[in-house]
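S.K.: Residues per chain, in single letters:
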Amino acid sequence: MIDAPKVDWLALSPTLALLAAAGVALLASVIGPAWFRRGFAAFVTFGGFVTAGVLAGFLFDRSPDAQPLLNESMTRDRWAALAAIVLAGAGALSVLVSWGETRRDHAGEYYALLAAAGAGMVFFVGASNLMTLFLGLEWFSLALYILCALDTHRATSLEAGLKYLIVGSFGSGILLFGSALVYGATGELGFAEIAAAGVTDDSLLLAGLAMIVAGLGFKASAAPFHMWTPDVYQGAPTSVTAFMSAATKVAALVLTLRVLTVAFPEQEHLWTVAVAVIAIVSLAVGNIAALVQRDVKRLLAYSSVSHAGFMLIAVAANSPLGGRALLYYLIPYSAMSIGSFAVVAARERELGAPVTLDNLGGFLWERPFLGASMWVFLLGLMGMPLTGGLVGKFYVFSAAYESGWWWLVVAGVIGTAISLYYYLRVLLAMWTRPEPTALRPVVAGGSPPRDPLLASAVFASFAVTIGSFFFVQPLIDLARDAADSLPF
Amino acid sequence: MTTALIFLPLAGALLVWLLPLPGRASGVLATLIGLAEVALWAVAVRQFDFAQNLQLEDRQSWFDDLGVSYHVGFFGFSLWLAGLTVVVCAAGIGYATWANPERARAYQGLLLFLTGSIVGVFAAQDLLVFYVFFEAMLIPLYVLIGVWGGERRAFATVKFVVYTMAGSLLMLASIIVFGLSQGTFDLVDSGVSSNDWVFLGFLAAFAVKAPLFPFHGWLVDAYRESPPEVAAILSGVVSKAAVYGLFRIAIAKFPEPVQEFQVPILVAATIGLVYGSLLAFRARDVRSVTAYSSMAQMGLIVMGLFSLNELGINGAILQSVAHGLVSATLFLLAGMLETRTGTSAFARLGGLARGRPELATVLLVVGIIALAVPGSVSFAGEFLILAGIYAEGWAWAAIGAGAIVLAAMYMLRLISAVLHRSRGEAVRDEALDLRPAELAVVLPLLAALLFLSASPNSITERNFPIPGSDVSEAAR
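Chains A and B, in that order, give the protein sequences.
Take 54 as the starting number for the first sequence in my numbering and just add one per residue.
Take 537 as the starting number for the second sequence in my numbering and just add one per residue.
The hints are simulated quantities; they were obtained by calculation from the structure and are not laboratory data.
Hints may be right or wrong, so weigh each one.
What the hints assert, rightly or not - To list a few chain B residues with every Cβ distance to chain A over 10 Å, as calculated: (1) 587; (2) 818; (3) 887; (4) 955.
Claimed, not checked - The following residues of chain B were derived to be distant from chain A, with all beta-carbon distances above 12 Å: (5) 551; (6) 592; (7) 595; (8) 799; (9) 807; (10) 811; (11) 933; (12) 968; (13) 993.
As the list claims (entries may be wrong) - Stretches of chain B that chain A covers, calculated by requiring three or more beta carbons in the stretch to come under 8 Å of a beta carbon on chain A: (14) 663 to 671; (15) 675 to 683; (16) 693 to 706; (17) 710 to 716.
Each residue gets a CB set at the ideal place from its N, CA and C atoms; glycine is no exception.
Just chain A, same shape as in the assembly (with noise of 0.2 Å):
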């Protein structure tokens, strides 16, 4: 008689409800008839992300102290949680935003694979062992690949897919080799057992140690790991984009923060000078690249390669303050970039092209609520008051002048300044009066469709956005009770 191990099922809920989802997505997109698919996928999905939020929230109030899980593959507290609630949040309104998408087939699938990947994020940020961090990072990258490729007529999707398989593939080989090394290295798999092991300076811990960074850079979309992210999110389905550009960042970057902590204290002076370097690239990189383009999704997709640097800070910082700076960012950060990619997607759909510079002028006259909507999403990303954008800023860079790095305050303080650039491009385009030859829309006569549960997305984005500025304090209280769970 082989015991059965004790199961924290609450620990678990979160994933098991965003799985049950996207089966029965998956089921109702066999059985069901075509015209119930897609709206019954979407249904359930929504349900999906809200329940796993609501469950995280019951499990971050009910795990004050971390607890290993399934055999310490993976940990219950409040850090997982608190990540968990922010990946339900930007998965909800992610669904949200990808209702209006029309697609003629593949739209159960669709939502279908959405649960997924909210379920694998969700999983991969308890993870605390090597094996448990691999399986959740590929879980949603491989949903994440088919997702990016869904819209299969058009060639730009499929390459974006394609592109995002093979480098993502890539980052994932780098990061099993380095976990692979660090097994070598130690003879554990373990997040805290790797710690305990008492390897200091052994040169396959730090070579594994460095892989395993730079694996969790390539889906943090940090610099110089960020070649995949332009053509990615330039490609994919605007949802998918929004989606990714906010989940995919806060998975990645508080698994980071965890691994390092966690497993790598004893190198601390190591890892804290690289990631502190991967910061500076991210912002360089990031900020110049993004002064030149004309395809907002291209020039969103280098701003969030610039902010992946501006939370790195956060990480380098090393401290309870960085935690809480980090998830505090990420609040803001994710309603601002999926706000931002929902009304690039309702002007896509509206001009049936993709939209560049040339041809958003005018939104915001037009579209008042949404063009209003998108000039807060960009203030905030350039950290401009009443937005959390500017209170994230605030603490990373309290945070990294409170480790010592100053010169990371002041590389953050010229990326900044170097970012007003380009968002006051998109700002300018918004308002200045198009060619009228340069305006085609797709509906002949009388205004867009309607789509209000894109707008409402879009409301949610706003309010998370200006609330997050005037409502620190909550926020702050619950990054604090989340970031004490990590071993500083």
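Assemble the complex: chain A is given as a structure, and chain B must be docked to it using the hints.
M.R.: Only chain B this time, still in chain A's reference frame:
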């Protein structure tokens, strides 16, 4: 009280944006809100005890782990700067109602938003709150110039934003270093610092905002391309945010670096004063003259501040109010000239005085106050500044006095080029005298100037609680 003063215009902005009123009606609503703000400020003045320091405080923790709180309140001197703000902004909004630009709802809402954020700057007693309002001013200005500005507005806005943000971001870094090393971001609770780099970060932001030579590159384009009421607010009020910042933060919190950098700053201010005056003398249109004279006047005000004695600082505050009113009136008048003639270039103007007595009188009176004729409020301000700077060295005062002669030259040149000489080609018979609505906007500003000319001590005696005390202590 202070919170109400900040948030009344901000709430008003939301109201104007959301109520679907036609252009003129939303302008009237915005004007009423602007006037209500002036009334509220008057109530605040009545409640204020000028024998005390910081008052009308509101304080609410914002996030406690870094010691940041929403903390606002007024000193005597900052209450005057806020008063300048509400008066000039109300006039600007009133003028915009009369001019009725396209998309008036958006326009008026932005003007109200701007008003609220400027008042917030003058009331901020926490560094992050200060930064928030300081940056929040930039958003409406960017849009107001970028959308409703003149021909080269895109260039002007980008230049303006890049200049000011570069300064502000350095200030953000300084704020973080200062706040974390003090353990609080509160301006009242924190002590002083002697870190030169942090001081220079703050100085960068204020030097651009003022603007102080050699950071004035954005000035002329922004002032020339703005709609007249925006130029009025920009030169009259927004530049005073730098005065507040220099006094409340740079001088009050960095006593040692201030001593160290006093001479270089005075040199920059003096160069700004002389160079600005010379440029104003060479400028070819009303707006450019006013723009460069603003730069010169800001140089003079900074000289007063960095004399670091009570006379000079008192004069700087008085001169800030005086210059704010003068320059706002001049920009509004430039706008009125432009609507009549389509230009403000001297070459195409002239002879406007004939048959237009009201315009001639108003322009002449403002011009004479601007050139600091003895008995005017500008004279009082400049005199105090020069007396203050004399204590630091007679040469500063000598140069300053020389520049005042230049001021007389460029202002008289402006007056004669617009009003006198033979009739310019752009001046047609149909160009009317000032309309009642325009007078209603300009006359209150003029009345305030004349009142202050009659009794400048109504401000100078109410700036600091104890006359003769160390004023930079008083600002702490």
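S.K.: Decide, hint by hint, whether the structure agrees.
M.R.: Tested hints:
{"no.": "1", "hint": "587", "in the structure": "holds, 34 Å"}
{"no.": "2", "hint": "818", "in the structure": "holds, 32 Å"}
{"no.": "3", "hint": "887", "in the structure": "holds, 38 Å"}
{"no.": "4", "hint": "955", "in the structure": "holds, 38 Å"}
{"no.": "5", "hint": "551", "in the structure": "holds, 16 Å"}
{"no.": "6", "hint": "592", "in the structure": "holds, 22 Å"}
{"no.": "7", "hint": "595", "in the structure": "holds, 14 Å"}
{"no.": "8", "hint": "799", "in the structure": "holds, 27 Å"}
{"no.": "9", "hint": "807", "in the structure": "holds, 26 Å"}
{"no.": "10", "hint": "811", "in the structure": "holds, 27 Å"}
{"no.": "11", "hint": "933", "in the structure": "holds, 38 Å"}
{"no.": "12", "hint": "968", "in the structure": "holds, 32 Å"}
{"no.": "13", "hint": "993", "in the structure": "holds, 37 Å"}
{"no.": "14", "hint": "663 to 671", "in the structure": "holds (count 5)"}
{"no.": "15", "hint": "675 to 683", "in the structure": "holds (count 5)"}
{"no.": "16", "hint": "693 to 706", "in the structure": "holds (count 8)"}
{"no.": "17", "hint": "710 to 716", "in the structure": "holds (count 4)"}
Of the numbered hints given earlier, the model fails none.
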